[in-house]
Amino acid sequence: STDTSGGKDKVNAGVIAIVDTAPIHLGKAKGFFDKHDIDLTITPVQGGAAAISGVVSNQFQFAFANVTSLLAAKEQGLDVKVVANGVSSTGTPGEDFSAVLVKADSPIQSAADLAGKKVSVNQLKNIGDTTIRATVRKAGGDPSGIQFVELPFPDAPAALQNGSVDAIWVVEPFVSQALSQGARAVAWNFAEATPNLTVAMYFTTGKADADLSGRFAKAINESLAYAAEHPDEVRETLKTYTKIAPDVIAKIKLPKWPAEINKESVTAIAEMAKNDGVLKSVPSLVE
Amino acid sequence: MRVVNALAVPLLLVGVWWLVSGGSFYLPSPGRVAAAFAETWFSERVLTDVLPSLARLAAGYTLAGVIGVGLGVAIGLSSGLRAAAEPVLEFFRAVPPPVLVPLIMLFAGIDNAMKVAVIVSGCVWPILLNTVEGVRAIDEVLADTCKLYGVRLRHLVLRSASPQIMAGLRQALSIGIILMVISEMFASSSGLGFTIVLFQRGFQIAEMWSGIVLLGLIGWGLSLVFRMVEKRVLAWYHRA
Amino acid sequence: MLELIDLTKTYQGRGRTVTALDRLSLQVDAGELVCVVGPSGCGKTTLLRCVAGLLPYEGQVRVAGRPVTGPPEHTAVVFQEYGRSLFPWLTVRQNVELPLKEKGLDRARRTELVTESLEAVGLAGAHDAHPWQLSGGMQQRVAIARAVAYEPSLLLMDEPFAAVDAQTRADLEDLILRLWQRLEMTVLFITHDIDEAVYLGRRVIVLSASPTTVLEDLKIDLPAERDQLTTRSLPRFAELRGHVYAQIQRTKQ
Amino acid sequence: MLELIDLTKTYQGRGRTVTALDRLSLQVDAGELVCVVGPSGCGKTTLLRCVAGLLPYEGQVRVAGRPVTGPPEHTAVVFQEYGRSLFPWLTVRQNVELPLKEKGLDRARRTELVTESLEAVGLAGAHDAHPWQLSGGMQQRVAIARAVAYEPSLLLMDEPFAAVDAQTRADLEDLILRLWQRLEMTVLFITHDIDEAVYLGRRVIVLSASPTTVLEDLKIDLPAERDQLTTRSLPRFAELRGHVYAQIQRTKQ
Amino acid sequence: MRSLYGVAGLLLLMEAVPRLGLVDERFLPPASEILRTLGGQLVTAGLWAALGETLLGWALGLGIAFCAAVAAGMVIGTVPGLRAATNSTVEFLRPIPSVALIPLATLLFGASLGSTLLLVVYASFWQVLIQVLYGVAAVDPVAVDTARSYGFSSWTRMRRLVWPSALPYIMTGLRLAAAVAFILAITAELVIGSPGLGLEIQIAQSSGAVAQVYALIVLAGLIGIAVNVGVRTLERRVLSWHQSVRREVAA
Ligand SMILES: Nc1ncnc2c1ncn2[C@@H]1O[C@H](COP(=O)(O)OP(=O)(O)OP(=O)(O)O)[C@@H](O)[C@H]1O
Ligand SMILES: Nc1ncnc2c1ncn2[C@@H]1O[C@H](COP(=O)(O)OP(=O)(O)OP(=O)(O)O)[C@@H](O)[C@H]1O
Ligand SMILES: [Mg+2]
Ligand SMILES: [Mg+2]
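Protein chains in written order, with my numbering: chain A, 1 to 287; chain B, 1001 to 1240; chain C, 2001 to 2253; chain D, 3001 to 3253; chain E, 4001 to 4251.
Looking at chain A on its own, in the form it has when it is part of the complex (with noise of 0.2 Å):
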């Protein structure tokens, strides 16, 4: 519902509380979301999938999810339409925000080396495994045989450290945390899958009012702009909604945020996912 106080509209966003959000908490504190007459209320959610169950029962009227959420909700019919970019890849390996990391005394040299290896990711047939897949599939490796578990980033590293796996792919902080604290990265999947990959995005329903999903995308792009261009400022919001440790805080690698999606890596993601059997198709997310 898009009630009107005070000539502006309320909005509910449901938004994970990790780095690549920053740009929506400095936006709003920035006050682009007032200029754009948007009155706005940030919902930490757990995951993709709760953001876009939140967004279809209208609890929220925006959030926050990555390429391969959207894609398989679309595919299963529900009516999520893109508004805006959420976050991209660097594209430079070793200065990427995802990586894929293995203990420093780790056989495992390359990514090539993944073949066959017990690899934790976040969630499966996800975006995670699939650009792990593709990495590893450029480097000349035969990705069919990796055997991908479920581990949440924050308990990954303690699964490495007690050999409970070969490798981790983890996101800010947590790579960072890990290579301070002596892992090694074999892989930068985001960089490495496809080139400036487009890695999450924010998005609405198909009924949402076009006019307001219109001044949204307008804020959301102000911000992600300044955003890209105050690194600083980025890293002293972080403070404000996560917990990171501030040590940590100054460390971190942060990600892109182009106002532009990338449509091929989209697509590419797409295809890859189709390829490894987590889509059946290759449904169109961004028109």
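Treat the hints as calculated values from the structure; they're not laboratory data.
Keep in mind that a hint or two might mislead.
What the hints assert, rightly or not - Covered stretches of chain E (in silico footprint by chain D; criterion: 3 or more residues with CB under 8 Å from a CB of chain D, positions within the stretch not fixed): (1) 4038-4047; (2) 4134-4147.
As the list claims (entries may be wrong) - EDC-like cross-link-like pairs, simulated, lysine to aspartate or glutamate; straight-line CA separation at most 16 Å: (3) Lys30/A - Asp276/A; (4) Lys1147/B - Glu2102/C; (5) Lys218/A - Asp37/A; (6) Lys118/A - Asp1111/B; (7) Lys138/A - Asp113/A; (8) Lys2219/C - Asp2029/C; (9) Lys1147/B - Glu2073/C; (10) Lys103/A - Asp4024/E; (11) Lys251/A - Asp232/A; (12) Lys28/A - Glu236/A; (13) Lys253/A - Glu233/A; (14) Lys3101/D - Glu3151/D.
As the structure is a prediction and not an experimental result, all values here were calculated from the model.
By construction, the Cβ of each residue, glycine as well, lies at the ideal position given by its N, Cα and C atoms.
Keeping the supplied structure of chain A fixed, place chains B, C, D and E with the ligands upon it in accordance with the hints.
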């Protein structure tokens, strides 16, 4: 007559479900769920997902029973031990299993041992609490009789607390199934609970509901077995 | 065998404090059969439970020279609440057999004792029944059979024949007398039946009303060999009986 | 008032089938006081529970002309298991008062009845105790007080004085006689004490051993006004007593 | 007094395990550090607000579930035939994880108190219900006969006989349900994202703030201890007549 009696309420509920389910994405009609059920579970999934889950459930449940009853008897018999142990137990009891899992993973790794440990960590409470209370509630005259004749603990304590222990075991059965699902939300790549979660995240809602229905059926089936056992164990109690 | 010196027992409950026994002293020699009578609620059961080591107390209680802190060895008790003292999940036979197992007797001896004692209390046909399938009197007899089969050296009985008919009662009285003579055990026997007390006891202890002490310690100077017909028709029997009755009535002022 | 025709009760349990009552017939007029005696385990309690509407049975049981299918109205029962029939979570006073509340009496009348009846059974000082703080005999007297305070038109008592001393027993016997005359109720009184049966009863029913029928229905032709001393010393009393005793012994072959 | 030994022992263990290197300190900080972090958290207003939210959902949900389950249990347990009719349904519904109801909850209520309540009530209802059913079966048959012969109405029988007899079982049910309700309140926040302690835990987890996660877990455990003390106190009052309590009071 008994069959009619047992089926009336379930049929009524399915009817209600049918009526309210019209057109909702998250609540598909019973027909669609039934179709999804046949498609999803009459396949090799039974071998790869359902049976391993049930095996872990059996292991966890048995372990919880042994620990719960053993510890419960000890705690129930000694008020000193109870005073010391209760706060610690209550502490762990109040910690939600999902946040306890990472801790368990630190000690038990991420394989079957962890999942069984998660099941135990939830199942043990109703058994433990009921055993403690059952042991505390032993008839005084009976307890005195035992003291006099030096009759071993087993006879008095376990049997006379058995109605309450059975209540705990009954509770634990369904909690075990729930924890089987929760344990498979972590560090999994197969299992009944894992499959349900996967369906949920993939927005395959009819399939997800068919998994929930399967959980219910498993619970119901196990409770039938349980009742048969209980009928024997508590025959003296129900004066049958 | 049994020595009570200044035994005092006070029950403290919410708002209700009862001094059930007040500096009660009593001695029972090994192999004696002593009957205890007294008004209802005076503290007979309390006395018995102190001796059985089931209640904390003040003063001294000694069994076979040793102070009682827990249940003394080789002791059997028939509780007033006989129904609650049987294990409902065991059959009659198992109920009687359990303490014998605990005592470490072998199977043959156990079977013999169980069969004998159940026969003696008239329950030969009820071996496989559960306690709750029995009448009140039958349950009480199971409890008696259990105590008897145990062959204790100290037997404590709390109104053990309260729930059986007159004829059975007479039979059971004679059973106890027989066993007492054969096993040379010490028996403390609480009863409300004055005739019974005089018939069975070598001594009858009359307790006063609460706070309870020993009102009279009466030696029963009847012939050692007792018999339901002849003993009860002795003039001395009537005399003693009348004496005890008068004492009990005195407690009720 | 009470009509039993061909009453048969068979208990069926695992492996144990007992015919407790076998085509038993009996009639009790309104306002009669009938005592029932019989060997232990013969089926007295079973009989009483059938009349109280607590057991399914074969044959016919009618109370006040109506067939018994559930507990008949205005009926009070004192159970043989008196201890378990008291509610442990209520005090003595509350236990006695509860049925009166249920009967719809006002507070003043209730207090009066409770105080009176507890006084009558000698428990004036135990109003606020809980049942488990009482001795066996005291618990039994609470159950009696509860039945008495209820002022039933049919009073069923199952060995109600088994746990009290001789003197208290005599007092309670006279209490029942007084109430019976004042309230004109019908009383069915089960006892093992033959003296008691003859002293109280206008008729004494002697039951046979299992399978149980009425062995003898004995009219007690003693003067209507009974008195512990005079009645019990009548030669006719001794005669009747001896007769009943002989009958009971006959059942034990 | 004795209860302090248990807690002290636990703290000692939690301090020793990481200090001795049995597990990596980074993944399980020693007790002293957890407590220090907890102390730091306790002075922030945000934590108390979150705690308030959680406890509100907990108390409301537990209250609703308890009353509903006791009422349903007494009726099902005492009306003949009803038990057989409802048995299969109860056993079917009971093992369905509350967590699986999350889509339904969000659909009906969104990320609001309603969702939390739905999950909390659903989970704790069964705990109490099963205990009540067993408790109702624990009534002494002689006491039942007594009540019947004095012509007690069904209501009086329920209130004066069945309820007190079942009370020991029900108290256990309350203790079980109290913990389950608390767990579900937190889990609901964790998963649905309604505000509260669970959300705090989730944010701390995804921020890699291990000590904070454990501090919040310890807080949850402490609340569990407090709730148990409350229920035990209640039990000593309402079950003072029962063997289990009176034996201890006497001893
Ligand atoms: N619930 C029951 N199940 C099976 N058999 C029973 C049950 N209750 C009683 N009986 C049997 O029925 C018979 C009569 O029992 P009842 O209790 O009526 O005897 P009674 O005359 O009251 O004896 P007593 O004087 O010892 O109390 C006994 O043989 C007993 O074993
Ligand atoms: N557990 C208890 N708590 C409090 N008071 C008790 C307890 N047990 C007994 N009493 C009290 O102690 C006194 C003596 O009780 P006791 O049972 O020893 O009497 P008794 O002589 O065996 O009586 P009876 O012949 O009626 O069985 C009574 O006043 C009783 O109320
Ligand atoms: Mg006594
Ligand atoms: Mg009887």
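Hints versus structure:
1. Coverage of the stretch 4038-4047 of chain E by chain D is violated in this model, with 0 residues showing a Cβ closer than 8 Å to a Cβ of that chain against a need of three.
2. Counting residues of the stretch 4134-4147 of chain E whose CB lies closer than 8 Å to any CB of chain D gives 5, which reaches the minimum of 3, so the coverage claim holds.
3. A threshold of 16 Å between alpha carbons decides the hint, and for Lys30/A with Asp276/A the separation of about 42 Å lies outside it, so the pair is violated.
4. Using a Cα cut-off of 16 Å, the hinted pair Lys1147/B and Glu2102/C holds, with the two alpha carbons roughly 11 Å apart.
5. A hinted pair counts as satisfied when its Cα atoms are at most 16 Å apart, and Lys218/A with Asp37/A qualifies at roughly 11 Å.
6. The hinted pair formed by Lys118/A and Asp1111/B meets the criterion: a straight-line CA distance of about 12 Å does not exceed 16 Å.
7. Distance hint between Lys138/A and Asp113/A is fulfilled; the C-alpha atoms sit about 12 Å from each other, no more than 16 Å.
8. Using a Cα cut-off of 16 Å, the hinted pair Lys2219/C and Asp2029/C holds, with the two alpha carbons roughly 13 Å apart.
9. Restraint check: the Cα-Cα separation between Lys1147/B and Glu2073/C comes to about 10 Å, which is no more than 16 Å; the hinted pair holds.
10. Simply put, Lys103/A and Asp4024/E have alpha-carbon atoms about 14 Å apart, close enough for the 16 Å limit, and the pair holds.
11. Proposed proximity of Lys251/A and Asp232/A is supported: the alpha carbons are some 11 Å apart, at most 16 Å.
12. Note on Lys28/A and Glu236/A: the hinted pairing holds, with a Cα-Cα distance of about 14 Å set against a maximum of 16 Å.
13. For the suggested pair Lys253/A and Glu233/A, the alpha carbons sit about 14 Å apart, so the restraint of at most 16 Å is met.
14. With a C-alpha separation of about 13 Å, the suggested pairing of Lys3101/D with Glu3151/D holds against the 16 Å cut-off.
Checked against the numbered hints above, the structure breaks hints 1 and 3 and satisfies the rest.
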